[in-house]
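Peer 1: Respectively, the protein sequence lines represent chains B and U. The letter at position 240 of the first sequence is residue 239 when you use numbering that gives the first Met the number 0, and the numbering goes up by one with no holes. The letter at position 491 of the second sequence is residue 490 when you use numbering that gives the first Met the number 0, and the numbering goes up by one with no holes.
Some clues are possibly wrong.
[Stated by the list, open to error] Pair by pair, the computed Cβ-Cβ distance ranges are:
| hint | chain 1 | residue 1 | chain 2 | residue 2 | range |
| --- | --- | --- | --- | --- | --- |
| 1 | B | E61 | U | V529 | 41 to 47 Å |
| 2 | B | E385 | U | V529 | 39 to 45 Å |
| 3 | B | P38 | U | D402 | 26 to 32 Å |
| 4 | B | D53 | U | Q253 | 52 to 58 Å |
| 5 | B | Q26 | U | V529 | 51 to 57 Å |
| 6 | U | Q342 | B | G242 | 55 to 61 Å |
| 7 | B | P500 | U | A99 | 46 to 52 Å |
| 8 | B | E426 | U | L65 | 56 to 62 Å |
| 9 | B | G309 | U | S15 | 29 to 35 Å |
| 10 | U | G349 | B | E515 | 29 to 35 Å |
| 11 | U | E200 | B | A221 | 52 to 58 Å |
| 12 | U | Q253 | B | L354 | 49 to 55 Å |
| 13 | B | E90 | U | L65 | 37 to 43 Å |
| 14 | B | P38 | U | V529 | 29 to 35 Å |
Note that these hints are calculated values from the structure, not bench results. We treat Cβ as the ideally placed atom computed from N, Cα and C, and that holds for glycine.
Residue strings, one per chain:
Protein chains: 2
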Amino acid sequence: MTIAATDLRPVLIAGSWRDASSNSTFQATDPNRNETLTPTFPVSDWQDCDAALDAAAEAAVELRRLPATKIAAFLELYADKIEAAKDALVESAFAETGLARSPRLADVELPRTSNQLRAAAAACRSGNWALPTIDTQAGIRSCYRPLGPVCIFGPNNFPFAFNSVSGGDFAAAIAAGNPVIGKANSSHPETTRLLAELAQEAVNESGLPAATVQLIYRTSHADGERLVADPRVGATGYTGSRGAGLALKSAADQAGKPIYLELSSVNPVVVTPGALAQRGEKMVDEFVGSALMGAGQFCTNPGIVMLVAGSETDEFIDGVKARFASAAAGTLLSPAVARSLTQSVQTLTGLGAELLTGGGESESGRCAVANTLMRVDGAAFVKDPEGFQTEAFGNASLMVVADSVEQLCQAIDQLEGNLTGCIYSSESGSEEADVERITFVLEPKVGRLLNDKMPTGVAVSPAMNHGGPYPATGHPGFTAVGIPASMLRFGKLTSFDNVRPPRLPCLLKDESPMEETMRLIDGQWRGGSV
Amino acid sequence: MTIAATDLRPVLIAGSWRDASSNSTFQATDPNRNETLTPTFPVSDWQDCDAALDAAAEAAVELRRLPATKIAAFLELYADKIEAAKDALVESAFAETGLARSPRLADVELPRTSNQLRAAAAACRSGNWALPTIDTQAGIRSCYRPLGPVCIFGPNNFPFAFNSVSGGDFAAAIAAGNPVIGKANSSHPETTRLLAELAQEAVNESGLPAATVQLIYRTSHADGERLVADPRVGATGYTGSRGAGLALKSAADQAGKPIYLELSSVNPVVVTPGALAQRGEKMVDEFVGSALMGAGQFCTNPGIVMLVAGSETDEFIDGVKARFASAAAGTLLSPAVARSLTQSVQTLTGLGAELLTGGGESESGRCAVANTLMRVDGAAFVKDPEGFQTEAFGNASLMVVADSVEQLCQAIDQLEGNLTGCIYSSESGSEEADVERITFVLEPKVGRLLNDKMPTGVAVSPAMNHGGPYPATGHPGFTAVGIPASMLRFGKLTSFDNVRPPRLPCLLKDESPMEETMRLIDGQWRGGSV
Numbered sequence: 000m001t002i003a004a005t006d007l008r009p010v011l012i013a014g015s016w017r018d019a020s021s022n023s024t025f026q027a028t029d030p031n032r033n034e035t036l037t038p039t040f041p042v043s044d045w046q047d048c049d050a051a052l053d054a055a056a057e058a059a060v061e062l063r064r065l066p067a068t069k070i071a072a073f074l075e076l077y078a079d080k081i082e083a084a085k086d087a088l089v090e091s092a093f094a095e096t097g098l099a100r101s102p103r104l105a106d107v108e109l110p111r112t113s114n115q116l117r118a119a120a121a122a123c124r125s126g127n128w129a130l131p132t133i134d135t136q137a138g139i140r141s142c143y144r145p146l147g148p149v150c151i152f153g154p155n156n157f158p159f160a161f162n163s164v165s166g167g168d169f170a171a172a173i174a175a176g177n178p179v180i181g182k183a184n185s186s187h188p189e190t191t192r193l194l195a196e197l198a199q200e201a202v203n204e205s206g207l208p209a210a211t212v213q214l215i216y217r218t219s220h221a222d223g224e225r226l227v228a229d230p231r232v233g234a235t236g237y238t239g240s241r242g243a244g245l246a247l248k249s250a251a252d253q254a255g256k257p258i259y260l261e262l263s264s265v266n267p268v269v270v271t272p273g274a275l276a277q278r279g280e281k282m283v284d285e286f287v288g289s290a291l292m293g294a295g296q297f298c299t300n301p302g303i304v305m306l307v308a309g310s311e312t313d314e315f316i317d318g319v320k321a322r323f324a325s326a327a328a329g330t331l332l333s334p335a336v337a338r339s340l341t342q343s344v345q346t347l348t349g350l351g352a353e354l355l356t357g358g359g360e361s362e363s364g365r366c367a368v369a370n371t372l373m374r375v376d377g378a379a380f381v382k383d384p385e386g387f388q389t390e391a392f393g394n395a396s397l398m399v400v401a402d403s404v405e406q407l408c409q410a411i412d413q414l415e416g417n418l419t420g421c422i423y424s425s426e427s428g429s430e431e432a433d434v435e436r437i438t439f440v441l442e443p444k445v446g447r448l449l450n451d452k453m454p455t456g457v458a459v460s461p462a463m464n465h466g467g468p469y470p471a472t473g474h475p476g477f478t479a480v481g482i483p484a485s486m487l488r489f490g491k492l493t494s495f496d497n498v499r500p501p502r503l504p505c506l507l508k509d510e511s512p513m514e515e516t517m518r519l520i521d522g523q524w525r526g527g528s529v
Numbered sequence: 000m001t002i003a004a005t006d007l008r009p010v011l012i013a014g015s016w017r018d019a020s021s022n023s024t025f026q027a028t029d030p031n032r033n034e035t036l037t038p039t040f041p042v043s044d045w046q047d048c049d050a051a052l053d054a055a056a057e058a059a060v061e062l063r064r065l066p067a068t069k070i071a072a073f074l075e076l077y078a079d080k081i082e083a084a085k086d087a088l089v090e091s092a093f094a095e096t097g098l099a100r101s102p103r104l105a106d107v108e109l110p111r112t113s114n115q116l117r118a119a120a121a122a123c124r125s126g127n128w129a130l131p132t133i134d135t136q137a138g139i140r141s142c143y144r145p146l147g148p149v150c151i152f153g154p155n156n157f158p159f160a161f162n163s164v165s166g167g168d169f170a171a172a173i174a175a176g177n178p179v180i181g182k183a184n185s186s187h188p189e190t191t192r193l194l195a196e197l198a199q200e201a202v203n204e205s206g207l208p209a210a211t212v213q214l215i216y217r218t219s220h221a222d223g224e225r226l227v228a229d230p231r232v233g234a235t236g237y238t239g240s241r242g243a244g245l246a247l248k249s250a251a252d253q254a255g256k257p258i259y260l261e262l263s264s265v266n267p268v269v270v271t272p273g274a275l276a277q278r279g280e281k282m283v284d285e286f287v288g289s290a291l292m293g294a295g296q297f298c299t300n301p302g303i304v305m306l307v308a309g310s311e312t313d314e315f316i317d318g319v320k321a322r323f324a325s326a327a328a329g330t331l332l333s334p335a336v337a338r339s340l341t342q343s344v345q346t347l348t349g350l351g352a353e354l355l356t357g358g359g360e361s362e363s364g365r366c367a368v369a370n371t372l373m374r375v376d377g378a379a380f381v382k383d384p385e386g387f388q389t390e391a392f393g394n395a396s397l398m399v400v401a402d403s404v405e406q407l408c409q410a411i412d413q414l415e416g417n418l419t420g421c422i423y424s425s426e427s428g429s430e431e432a433d434v435e436r437i438t439f440v441l442e443p444k445v446g447r448l449l450n451d452k453m454p455t456g457v458a459v460s461p462a463m464n465h466g467g468p469y470p471a472t473g474h475p476g477f478t479a480v481g482i483p484a485s486m487l488r489f490g491k492l493t494s495f496d497n498v499r500p501p502r503l504p505c506l507l508k509d510e511s512p513m514e515e516t517m518r519l520i521d522g523q524w525r526g527g528s529v
């Protein structure tokens, strides 16, 4: 198929919207109608990547010279522009993702995105993210410094809040003083382009280097791997599927380049008999609400519920089954998500999980699969823990029913690393001994441990960890959400030893850069000058 | 060769000193006499590693249940025991490494080691290392938690302070709540065994799990790689040569296991014409002192000096040459170090570096190579930067003479990641524009930037970064020295979301665990209760 140049969307490289260097193209699909959307996007070849890397390397040098206030002003201006362009952005994201215009896109995700950019601006301005540390006796001072160009691969499920050119990784990388090369998620390229347009306007108006934000839409796997391993790159942030993420990790690791991954997670929810006895119906409500929200397409969607056999458990499962069966299936993000969900369910039932409801093929008129509930007993789970942890991304959950707390703990002990793990238990305190055993095996497996609360909903808090042990992420010490902690991923720790005072970075000079700046001065965190 | 079982040193596994499972053995060499030392040590096969891993996994579970005070008490008791056994330890380390008994071993390195253990104990007790963070509004609290068994591979050059069972990585891993599997450096196995004996006594007396500290002496490369990638391992700390370190990194990366490396570094020292004009002779003193100290066997030894051509530079180089030629060559740590140094010098001269003095083979009676000084011009360096950055570990340095500040900056821009980088310049302030350019290209290459100070000497300070960009280390965001920062490498970030108050870890409960504990409570670092 030959595409006229005018039909093709341009890439954003070195501050200019220009034609991609290759002829290969793709189009996104409207999942609500299963129809191909009009705009055509280029698949970038290495020439585009190379040009973006050169420009980013140059921008990184310029950015290091700029005061933090200038970078912060850009982030705030960009946030304003996103809010001003809300209608167009929501319309585009709705067409490309099928997510509800309201409240989801317009009233939840978009404000979260602009607020995240503003929080990053504040952290950038105060410098608190960089953990400025001053040892006056030893004459040594340290802080985190920009790392260099950051490549960001955004996921399909948050077209704004985790978008490669507006989301959490983007805000963190820019606020830490680095330029970004965004790789759009191929399921919402037009939304990403609209965001990049706003970003570029803000870059120009705030006087940042032209290549502070760049955008390509898609590359071959080989070029993606070459990109993250390139000497010009500082680090990479990736949110998406495990297979693609691990291939990028392998390439980056070999080159000694940091890469931060947020991969799949089944987010186990443990529900004790006591919790069900006390509030079984409420539990059904809570669980169904969390499991089917956004058609289950959250990184923290509760994919596995772990229970102990008994009549309350059977009632709970029956209740969930009835609600799953009667609720309308949400639209999935893309045909690929629908295919993958169907396949995962087939894998799980193939291994012996009992299909309680759902499990069919995708609807023909839109991307949707009936809400799916499966059940397996604890003994079977413990026999093939890897198989039964196959992620079914979307509106499907697996109930694992152990024959005892003992077996429940065995099953938990077989879990891979996860973003979250929840424990619901009796409020009477009668189960504390069991809960202690469960917590003890569950905590090491998860980045965030919850009690009496579902995992969906990731508050932007300094205490939030949106991370976890491998393979939920690539490193158990970092979080992808929570300004300023998430910014540390894109910083380089640097000591200044006996460096002459006028040559110190602003954050480490005797005089405090601003009132809000907290520094660890001779062992005490405090504001003010040395 | 058949060795009677009684001649063989035992390994320490699961709290017992026992025979290794394999028959393969090795012996260390006294580098001062080039003589094989009597004790014979086993090369452990996978059976030993597997047993150590099982025991460590069990110990990790037990350690997580213990109060921090108990772990801190162990570290302090162990520090006391090291000091009490000073004479025997120094004698053993002297025989195995050739490092001076005094002041080096007895008066510098040993006290540093025990002080490091005590600093780690204090950080463990207060919990400050874990960055406890409390968001009362969101109901979320977070801190770093133990990660699981840590494998530590110690280097040859610090038989106490970086020893796998007493050094910086050890102190950090234990204080973070993890058991350690130590892999002795093969050049000082007896010293390591003596330390492990003291550690085991302290483990028993303080009531820690028996397998809190374990020791093997050597493994095959294949078993080493299997060890760091094992599912039972939490993380690995490695200090040593680049080749072995990168092989371990590759294995750990593939398994998603964190590994912290401290590899080779040439530690560039930039000296401007102004510095030489003002204090050329003093610069010779300072440089020679730093370059030849401990026969140059420090990770932060200044291997490359970068200068601008001119008469002061020639005088400086002549001065250094004379001092190198007249100073007695220090004893190197082992025959392998002597061989490797000779080879590196041959590589550098083969590439075109001019040999100004030294460069011969090792002496026959002991491990020693004449102090070696080489020179290359900036143009040649820029043409083959990788070749001219070949590390010559030991008493050898390379002078890189650029024809201009422009070329100097080009050469700096070609440097790999390094632990340190120094800039000496005029005190008059007349060179600030040049220094700014130099700093701008040097800072991104190094973990610690120094002014008017040599890089050897790594103060234990909260502001110290003993780290740097790849390939000096495996990740630019972590330091191997500096309690508590170095402990973060062995922690897992964990959020507690809506977790019932009695179930929170001590560090995150409302009441403050102790007066010294600083927590980020609702955005403010402070002591006291919530």
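Peer 1: For each hint, tell me whether it holds in the structure or not.
Peer 2: Checked hints:
no. : hint                        : in the structure
1   : B:E61 x U:V529: 41 to 47 Å  : holds, 44 Å
2   : B:E385 x U:V529: 39 to 45 Å : holds, 41 Å
3   : B:P38 x U:D402: 26 to 32 Å  : violated, 54 Å
4   : B:D53 x U:Q253: 52 to 58 Å  : violated, 31 Å
5   : B:Q26 x U:V529: 51 to 57 Å  : holds, 54 Å
6   : U:Q342 x B:G242: 55 to 61 Å : violated, 43 Å
7   : B:P500 x U:A99: 46 to 52 Å  : violated, 37 Å
8   : B:E426 x U:L65: 56 to 62 Å  : violated, 29 Å
9   : B:G309 x U:S15: 29 to 35 Å  : violated, 44 Å
10  : U:G349 x B:E515: 29 to 35 Å : violated, 56 Å
11  : U:E200 x B:A221: 52 to 58 Å : holds, 56 Å
12  : U:Q253 x B:L354: 49 to 55 Å : violated, 35 Å
13  : B:E90 x U:L65: 37 to 43 Å   : violated, 57 Å
14  : B:P38 x U:V529: 29 to 35 Å  : violated, 52 Å
Going through the hint list in order, the structure does not satisfy hints 3, 4, 6, 7, 8, 9, 10, 12, 13 and 14.
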